[in-house]
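Colleague: Each chain is listed here by its residues.
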Amino acid sequence: MTIEIKTTSVEPIRNTYSAIARRFGDKPATRYQEASFDIEAKTNFHYRPLWDPKRTLNDPSRTAMQMDDWYAVTDPRQFFYGAYVGNRAKMQEAAESNFGFCDKRNLLTRLPEETQHQLLRLLVPLRHVELGANMNNSKIAGDAIATTVAQMHMFAAADRLGIGQYLSRIALLLDGSTGKALDESKTFWMDDELWQPMRKLVEDMLVIDDWFELTLVQNVLLDGLMYPLIYDRMDAWLGEQGAEDVSLLTEFQRDWFKESLRWTNAMTKTVVGESEGNREQLQLWVTQWEPRAYEALKPIAQATTGIDALDEIRAELSVRLKKVGLESTGVQA
Amino acid sequence: MAIKNKKLNLKDKYQYLTRDMAWEPTYQKKEDIYPDEQFEGIKITDWSQWEDPFRLTMDAYWKYQAEKEKKLYAIFDAFAQNNGHQNITDARYVNALKLFLSGVSPLEYAAFQGYARVGRQFSGAGARVACQLQAIDELRHSQTQQHAMSHYNKHFNGLHDAAHQHDRIWFLSVPKSFFDDARSAGPFEFLTAISFSFEYVLTNLLFVPFMSGAAYNGDMATVTFGFSAQSDEARHMTLGLEVIKFILEQHEDNVPIIQRWIDKWFWRGFRLLSLVGMMMDYMLPNKVMSWAEAWEVYYEQNGGALFKDLERYGIRPPKYQDVANAAKNHVSHQAWGTFYQYSQATNFHTWMPEEEEMTWLSEKYPETFDKYYRARFEHWDKEQKEGRRFYNNTLPQLCQVCQIPVIFTEKDDPSVFSHRQIKHEGERYHFCSDGCCDIFKNEPEKYIQAWLPVHQIYQGNCGGADVATVVEKYYHINLGVDNMEYHGSPDHQRWLDIKGLKPLQSNSEKKTAA
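Sequence order for the protein chains is D and B.
Residues in the first sequence are numbered from 9 upward in steps of one, following this note's numbering.
Residues in the second sequence are numbered from 15 upward in steps of one, following this note's numbering.
For the record, the hints were derived by calculation from the structure and aren't laboratory data.
Please note that a few of the clues may not be correct.
[As the list claims (entries may be wrong)] In silico SDA-like links for lysine to any residue, alpha-carbon gap of 25 Å or less:
1. Lys-301(B) with Ala-389(B)
2. Lys-77(B) with Ala-102(D)
3. Lys-425(B) with Tyr-386(B)
4. Lys-62(D) with Asp-181(B)
5. Lys-77(B) with Ser-255(D)
6. Lys-50(D) with Leu-493(B)
7. Lys-62(D) with Glu-439(B)
[Unchecked claim] Taking CB as the label site, the calculated pair distances span:
8. Ile-436(B) with Thr-51(D): 25 to 35 Å
9. Glu-457(B) with Thr-295(D): 40 to 50 Å
10. Gly-478(B) with Asp-76(D): 17 to 27 Å
11. Asp-34(D) with Gly-478(B): 22 to 32 Å
We treat Cβ as the ideally placed atom computed from N, Cα and C, and that holds for glycine.
Bound conformation, chain B alone (with noise of 0.2 Å):
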């Protein structure tokens, strides 16, 4: 060993204070300890290559994280002293609040499971210790994000019992089967999926769009909570860049495998992000901006420069992109469209566009809103106008892979649905896309296990035969006033009421009313 006596950098100090700390085993077999690093085919021939994506020892992390924090709950204290949800531009945008505490809450909390599992499974420590620093952080983004809600839960329906509904609501299977999928993958293909696929690829199509909405909307809680967060979201990023790189440089047979998982990830994440851009485009009162123009700058423009850089390592930019580049158009209409028909069993309402934010659409949206949307949106606000307002009562038929019901169309023709079905093992099986069915004959063992909520539902598996025993006995959804058609509800009323537009009434000459 080469004498030292150099004071060490601060790159080689952090390795001392991380990595140095593991040793070569002996008296058990690494892969005893490490038993799940070699099922997937990545090889990983030297460990030591890896570059920390960051250098925070725990003594630091202590203490900005509880900097952090103590700011943060200040606001919170603030926010509900105050009566901070009265200042929202409109009871309209706590629905998008519902959707975030019951579709992503649960992911994070899910990460944070995932990471601790991947933060052991590594045989290269310095890996492990930048999963468990993103565990820690996505524990706190839970959290925090129970503590930012809990006001809105006290003063508005529908986001009484996230956790609960995000086990079982049929469109949460989406948002949910996405992490189940991550999760129950190997160690290298749950980091290509969640540090690499979502949280640097397409984490400001996810994330950043309800943050930016909270700030758009007076929500000072969550965009709060937003700020606080993205100095962890900026380590996860870096981890996802990192992770990928390292695999790709280590061995040129991960390279196909890589891309693979690429292909596949991107397609889930872009189904998943269907529910981002309808609240984008129809559940912020005060929009930030379009679906399609986040998309274009987001991924187009910052995915394109990314899978540019990634050329030189072999991997092509994800299959399929063209056809997602293509529905940026259309996706959050049609999204829409559907929940607006199935609002009897969502937790949140959902309503027609006002004609100022119809022009707006037709504006953000001059080749697809007017020509193929306008006209089935008027429509159904004349008819809840008159008294008519539509639900739809079939259940739909659910992708076997992303399980959004098949609603999208083809790429080539908005006027024609988008349906593929293969048979396997004697069963048919239907897909929204080549994307999803793709998926599936890459890995059909697993797929064929999906608890469909649909089917689900058919197969007496939900507590009852009808809509509504399932919706509220099963869903724990108080039907009519967690969700259907916003105008009218409790919480409009009550907006209303908040607002002066009508006398505030106690909360016990209410319940005498009713």
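In isolation and in its complexed conformation, chain D is listed as follows (with noise of 0.2 Å):
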């Protein structure tokens, strides 16, 4: 048996708004395709921005890459704000746990005072990293030309302040939140010759302008590398050293990478796929870049993994970059 609750059904006079129905056809539409389609301003800008006369608002001559449409590239997760943040408080919540967790065994402070300067000299730096991928990423939310795209480059630049906090959580917990071990790490970040490749590599990527080239080398070419290598093999590393309840700590980033995967990887296929000029602009991009992001990772693989693991790693980007038309070099794969 069911029950009916009798209701009045009144017909709609359409479907959807008719920006959506001119891409998908007047029927429902999902509330990513309301939420994401055709609702950034594309024509009759009043005035050229002070900081950039040669170019309108919103002009998609801020990349080289041209795309016919550029809400061709849509996001695989079908996130739009609600959506994105909806899926974020379940992911922190877990990392809420494993944080209160650690703080109540004092999981960190009972580690040996070597591998506690360890986190500080070759983890908890990262923090300033994802600082500069912040700001790579807003700064391409606010240049990018489609809803579709910027959106999605919003919620990273959300993302990576976030798991910046995440990170420096974990020097909290050794100082016992005073900020000394802060203080500490960041010495590493400014001075330590490990770290000096990778800080000048956030800082040249802070004066990219194209924003594609930015995306590209941000979110696919260093993340590629850097988040197999941090909080997967280092990850294990840090387990040999006695230290593998760190991992509850970094858990965000290893689901928020595997996740990033899906939308990255999306955009690359498309606007590669676009045309023949993108890809090659591309394919000149990562020639440049991924030697770069390989570097800057270096002396952090020679301290803890050892190469092997990076160049692993890297083979693993090449065969990604060749499955959507782009090749890495410097790597005999």
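Put the two chains together into one complex, using the hints given.
Modeller: Now the structure itself:
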């Protein structure tokens, strides 16, 4: 038996907004569609920006990539704001529980002094890399054409700030929330030889003007090497040093990177597939920047996992790039 | 470095979790990383003095915002499932939503873009983070507004192509040029314009009237959005005040620059608000308060207290504030009178107030409504009822700056249009006021670029030579369905059906009948 509540049904006069109907037909649309397509201003801009007088607002020429329609780049996760924060709220709940667990049982402070020092030298300084990633993604969100593209980068900007905060909290667990450990960790970022190629790379990325070049370098190339190296291989290495509990505090990053591969791969594939011209330019950027990302991570790999681990990851990235029609040099695959 | 063994307080902890992640660059020059921070002439001597206007780490943000979104979307679902659009006071109300979705929601999106940009531009990381949080909030608002009004779009006309229309329709160039102006400025002016003038000084006159209007007119979807956005807006207002105080405290040379921006953005905001004024006085079947009352409370009183507070920095109230204050008894009537005449070219319906509404207007505007406006409105009403609905087919002269037709009157004489003109490099430019004319004179090279809809139509850039073609083909307005006179329109007919004033026909029958 089923129960049936009688309701009056009212026929709609249309199923969705016209812009959505033009793309997908006049049928009921998803929330992702109504929130993400064609809501960004496209034409008839009034004034040229004082900060870029050669171009208009929302000018497609802020990148060398040319797309007939930037809305061809979509998010396989179908994240609009509500879906995004809902997903991250669940992830942060897990992270919070892990941090709480570590704090309550003193899992970090009971580690040997030398291991604690290694965390401050080798892991926590990545918070600065995350801040760079945060700035880069915020710039891209401001420059990108099409909401489907811009919002993915805004979400990434927020994510990177959050990840930087989780990394910072590892130091706060170590120093009992005095800030001392963060101060110490920052000196490695600023002065330790090990971090200088990375810091130089991050500062060099902060002056990249082309937003698609920047998303490629940050979200595909650097992250594509850095996340597997740090949160997979170095995580295992820390485990060998008796610091396996640290894994609890970086779980967020592992889940996050796995998820981010979905949109970064889809985006790169679509833009490469648009034209030979796009592919050629992207290839030039890969050739230029992939070795820089590798070099920046080399000292960290050498000090921890060994260089073989980084080379393996590099080969994995090369396979990933190959799938979208790009080649990375420097790997004997 | 002093040895630290004390636990961080909340303020310091938040700084460690935000600005302390930044560092002094050594491989690249600071001015290359932050190339836009200097050109406006604002002097920041010490970013560390920046007070975080709120302390919200990302984990807390995700958690709170997700809870809010969950509740909001539960209401949207319930609203759609129960055909909540049938419970509004009157279908005329939906026209306020059309104005909102095409005039305000695109600004939320533009704000997202603007804040994402300035969230990268400042060398002070504390300010960057605060701006980024506003950027993602603004994205939220633009998207939840699409969803809040999605159900209305399925049952009423005129809501169907808001973003397309925002880029094109003549009067929508008023809000669009406002935000284009802010976004094309430098980062400090953007914040003075949007965070301070718009969010802090004027938000109670823009965002809030629409949300209160929704509450008063049975629009559960929109008012729930309004409540849900309230805590976001509170953060944005706090940022607005911090921004202005910070800049003013940094260097005395900043004071005259900020004063000029406050003058400019107050006036631009005041002109933009004419659209809200007419919405409050004419488009809400159940009225919240009159525009004049709103202006008195939210500008004259609250704004007055604010500028009193800013006096110690050497800031005076905005120039032409007296003109704006005097205009509170006129602007909504003048604006509605204009939109009534040009309703064939808007994306919403217009109508003449019913007798009891006229009475309300007389009570709320004892010195102006009966004296200057009632007779004209009664005449138009009579004409419409006798089958001669008045439409004006002459395209109006637009102000070069605010882009509103030159329809407002002189402060001291409501029978004379306020019209200013100047010559600049051999061309003549027209303005609605001294306020707009001053703005032009300060930056003529910017405002000569304005995309003026009337000029563009006459130059043949809008798809056709006659109004009907422009409206239908270029604006995507379904002429006579989305707009023109409300009475007798499909929306009106449908509303009568919903209210059982006539039997509800099925859609297919209607199509056959048409």
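Colleague: Indicate, hint by hint, whether the structure satisfies it.
Modeller: Checked hints:
For a cut-off of 25 Å, the pair hint linking Lys-301(B) to Ala-389(B) stands: about 22 Å separates their Cα positions. Taking the CA atoms of Lys-77(B) and Ala-102(D), the gap is near 12 Å; set against the 25 Å cutoff, the hint holds. The straight-line distance between the Cα atoms of Lys-425(B) and Tyr-386(B) is roughly 14 Å, inside the 25 Å bound, and the hint therefore holds. Among the hinted pairs, Lys-62(D) with Asp-181(B) is consistent with the structure: their alpha-carbon atoms are about 21 Å apart, no more than 25 Å.
Using a Cα cut-off of 25 Å, the hinted pair Lys-77(B) and Ser-255(D) holds, with the two alpha carbons roughly 23 Å apart. For a cut-off of 25 Å, the pair hint linking Lys-50(D) to Leu-493(B) stands: about 23 Å separates their Cα positions. A C-alpha spacing of about 22 Å is found between Lys-62(D) and Glu-439(B), which places the hinted pair at or below 25 Å, so the restraint holds. Roughly 29 Å separates the CB atoms of Ile-436(B) and Thr-51(D), a value that falls within the hinted 25 to 35 Å.
Taken as a hint, the range 40 to 50 Å holds for the pair Glu-457(B) and Thr-295(D), whose Cβ atoms sit roughly 44 Å apart. Restraint check, Gly-478(B) to Asp-76(D): a C-beta distance of roughly 26 Å satisfies the suggested window 17 to 27 Å. Distance hint for Asp-34(D) and Gly-478(B): a CB-CB separation of about 25 Å, consistent with the stated range 22 to 32 Å.
In summary, this structure violates none of the numbered hints.
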